[in-house]
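> Take a look at the letters that make up each chain.
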Amino acid sequence: MNFSVVATEFPSLLLQGLALGLIYALVSLGYTMVYGVLRLINFANSEVFMIGTFATLYVQVNILGFTNTSEPIRGFRLVYSLALCLVVSMLVSALVAVLVELVAYRRLRAKGANRLASLISAIGVSIVLMEWVGLLTGSRPRSGARLMEKSSLFEIGGANFRVDTVLAIVLPVIIFLVLNRFVTKTRLGKSIRAVSMSEENSKLMGININRVITLTFIIGGLTTGAAAFLFMTVYENTTFTIGFNMGIAAFTAAVLGGIGNLRGAFYGGIALGLLEQFASAIIGSEWKAVTVFVVLVLVLLFKPNGLFGEAVQQTRT
Amino acid sequence: MSKFLNFNLRDFGAGIWSGWNRPTRVIFVLLCIAVSGLLPFAAEFGPTSFLNTPVASYIDVLVYPIGMFVLMALGLNIVVGKSGLLDLGYIAFFAIGAYTHAVLSTLYGWNAWESLPVGMFFAMISGVVLGLPALRLRGDYLAIITLGFGEIVRIVALNIEITGGPNGIPGIPNPPGFFGVEFNLEYSRNFYYIVLVLILLTIWMIRRFTVRRPGRAWEAIRQDEDVAELMGVNTLVYKLWSFVIGAAVGGAAGVIFASKVMVISPDMFKFEVSILILACVVFGGIGNIWGVILGAGLLAYIPERIRFLTETRQLVFGLVLIIMMNIRPDGLLPRKKREKITQKGSK
Amino acid sequence: MNKKIVSGFAIAAAATLAFGAVATAPANAAAKTEVTLAFQGPLSGPYAGLGKDQRPGAEYAIALYNAKNPKVKVVMIDADTECSGTKAATVAPGVAANKKVIGVIGTSCSGEARNSFPAYKSAGLTMVAPSASAVDLTNPKAKSNGFPVFHRVLVNDAIQGPALARWAAKGVTAPKYFLIDDQSTYGEPLIKTGVTPTAKKLGTIVGTDSVAQGTTDFSSVVSKVKSSGATVVIYGGYDADAAPLFKQLRDGGYKGVLAGGDGVLTSEFPGFAGAAAADVRLTAGSTPFDTILTKDELANFTKITGVKTPGLYSDTAFAATNVFLQCITEGATTRPAIQRCVNNGTFAQANGDKFKFNRYGDPTVAGAVGGYIVKGGKIEFSAVA
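Residue numbers (this note's numbering), protein chains in the order written: chain P, 1247 to 1563; chain Z, 4 to 350; chain H, 15 to 399.
Don't read these hints as lab results, they were simulated from the structure.
Since this is a predicted model, take the numbers as computed values, not measurements.
Think of the CB as a built atom: it goes at the ideal place given N, C-alpha and C, for glycine as much as any other residue.
Do not take every clue at face value.
Stated by the list, open to error - Only some residues are given here: those of chain H computed to face chain P with a beta carbon under 10 Å:
id : residue
1  : G63
2  : D67
3  : N80
4  : G221
5  : T229
6  : T230
7  : S237
8  : K238
Start from the sequences, fold in the hints, and give me the full structure.
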């Protein structure tokens, strides 16, 4: 136990936890959106994230021509480069997510197969994607380029608001606001909510279920891609196994907040980020995962549907 | 077309089985056991030598992963298949069994036969400790909690003194022999027979349970928990039972595993193994003993058989999972049709 | 019917994949005087990078040997263990049962070594490891030692650890250490049994942390390092994790010394860590292979192995393979002969240093651990640490 860290570094831990948590939140949308409509844990979402980081890397290195030794850029060129990375990462991730749905879920769903069957085929897709990238990269990690000078914007009580940290906080919040509006206000968004409430009734109302499901995978892929871009901007390196830890964390965040709804993913992500930061600062990084799971169990004991969960319909295997 | 794809080999087999009289059944069962008993010799025997595994030693592969996976898949099947609870941390019970034996044998000089019941006991206790809070939750919440539990066991083993940290515990003795049957590296075959005996015992136990009250209660819970509760089934108790019995099987497998490999370390008990064993259950056919055995046997065997493909092996394995699940979503040998009817609505 | 046929094909294809190679696997037994060495290490799975870095070193050594000495040909087979003790427990008996194998280049990881010993000991199969550096493997008192089959060409953690503690604190008055390990079988013992005692002698340890391999966010570690007022941070782990850690420490405003062991010492590391690699202090019994090779040799290496920059421990894999090749040149082509030869002969490290193996398999002359420093994106040898 080491409380002196918290005494001196509290604002900094808070800020870092928030930034990390919001990246988790974006990835956990990939789980929560799919869970909302399909009642399935999309195990391949971690690999969507992994592909997203490599897509960002590809744009940085092969299209924009940056290497990990090149000078940081500024001004309009920086904004344009970052935007290109973000857009490509989001699009590629969405494409992969749609492919995952086609390969792992579509056929099985058409057959009315049991939920665990799709779980296993998703795990198969996950293995294939991971090993494929492993083959391409020789199983070595890859380092991204540092596009921008990570200079400090301002500091509050020792918490250093760096450019990348601020970006990692602002972008997810924007994405959530847009997404929330989309889901509550637009026709397509409403159809997603309808399907997640009752598939049968939605069918009766003339909603094309397959289209809605593809849409949720696309949205999950887009947000996961945005998270991958932020991850590469903040941490600047990736490897073919990067999805695994991120996947578990994001899934935990989704459950912690209450899987199946947007707010749950958002707050669950933040809660998890803060929890990880303070657990590893106070108890030690080796007990981080244990602390997270113990808290998760406690939360679920008292709030069985997660912190912000609405009553999820009964599900079985 | 779909008639062929959905052809239910299990029902076909059950049809033949019910047509037999008792002596024929006994002969058939004995024949099956005899064939499994002869498996270790298959690699040396001409016509079946294609079964031999390149690089890895065939007989050792028969013990782990094949034998152990079959055993663990049967144990997990009680949880996932019989009572319909999704457990993503089954490896934890295996780890608890293995570490129990490792600690008891290296510190207190117990042998494997003595620690076998203790290992099972600890696994069962941990099953209760995990199950009591977790089983109140439904479906996927249970999944994440069991996943977390599996990771917690591994991380604790990684971080505390008595388990030796990341290096694990070396110098675990092989089980002592009896009646002239030796258990050591030169007689790996005998480990296979231990596992085989455990598998047969597990099958026997599951069959006993299935036809009695617990089996019916599990079936009721799997089909509709609320209705089961309403009909007076104490769902929590029966769910807990399935959890604890599954845990005991995992614990037993762990004890034998530790005494076979002689050195255990936390990286043997990763999340991937839990997933793999779950895949065995689903791949073979959830809820059906024979399907689970076939699935576990195949999924444990295929990676070893294609070990000559060093870099693309996992890729091929992933493809096999995708293709097979798409072709036969209910597994190789699905459970009885009778049990399947109610699944339609629940996807 | 269509789908039925398609699925039939799929099963047939899977079956051919699975069983078709039976014929090919044992088929190449034709050559007259041919001996086999097994390379044991992770070639698939999450740790594949470690094995894929080492294997080219062995491949290169064997290619050089076969090019000039056609009398006894050497072939190498892969024994992929995924760095897992579980897998090693089935793979090692298989390798031991393969009578053509006369030596094992490996293992890559210390964990799998422990699970391989029972099989290799009973088969009398000699191992020369490029990177398994855990102390207990050659400790006669440990239950998990590999006597008499295990040998390694790199220094163990009990020698490297203290050297790392000294080298990291060189020129720092009253160093305040912050020690971080990666919870692996390599990193944790290096820090806890190797570095810690010496660090206590030389200065004070103001903090420790253990961060699991594969972690990318180290911000809480950064906070701890900063609040502890450490002046020397030592990381026990591999380059892939060291790079983000060092980057985040520098970005977080840490100004003191950064140091790591041979797991960090790769030619790729300065690239991974970018500006944060500057002045990082490293120690190793292993040296980046491309700094040893001449330009032509490096080109040849790339031609043979298809690898542009030799990775971590490729030099020790090269040296380990050469131990066997030298013995084969001297006429040892059976397992007992190899064991005698390896136990008694004098061999060369990748950089030409001569060494012998002591009774328990450690190299005798590798006592001097090199101290390196990263300057201008290159790792430079600085002094004996």
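> Indicate, hint by hint, whether the structure satisfies it.
Cross-check of the supplied hints:
1. A cut of 10 Å between beta carbons decides the hint on G63 (chain H): the least distance to chain P is about 4 Å, and the hint holds.
2. A cut of 10 Å between beta carbons decides the hint on D67 (chain H): the least distance to chain P is about 8 Å, and the hint holds.
3. Restraint check, N80 (chain H) versus chain P: the minimum CB separation of about 24 Å is more than 10 Å; hint violated.
4. Using the Cβ-Cβ criterion of 10 Å, the hint placing G221 (chain H) at the interface with chain P is satisfied: the shortest such distance is roughly 8 Å.
5. A hinted interface residue such as T229 (chain H) counts as satisfied when its beta carbon comes closer than 10 Å to some beta carbon of chain P; here the least separation is about 7 Å, so the hint holds.
6. The criterion of a C-beta within 10 Å of any C-beta in chain P is met by T230 (chain H), whose closest approach is roughly 5 Å, and the hint holds.
7. With 10 Å as the threshold, the beta carbon of S237 (chain H) comes within range of chain P, its nearest partner Cβ sitting at about 4 Å, so the hint holds.
8. A hinted interface residue such as K238 (chain H) counts as satisfied when its beta carbon comes closer than 10 Å to some beta carbon of chain P; here the least separation is about 5 Å, so the hint holds.
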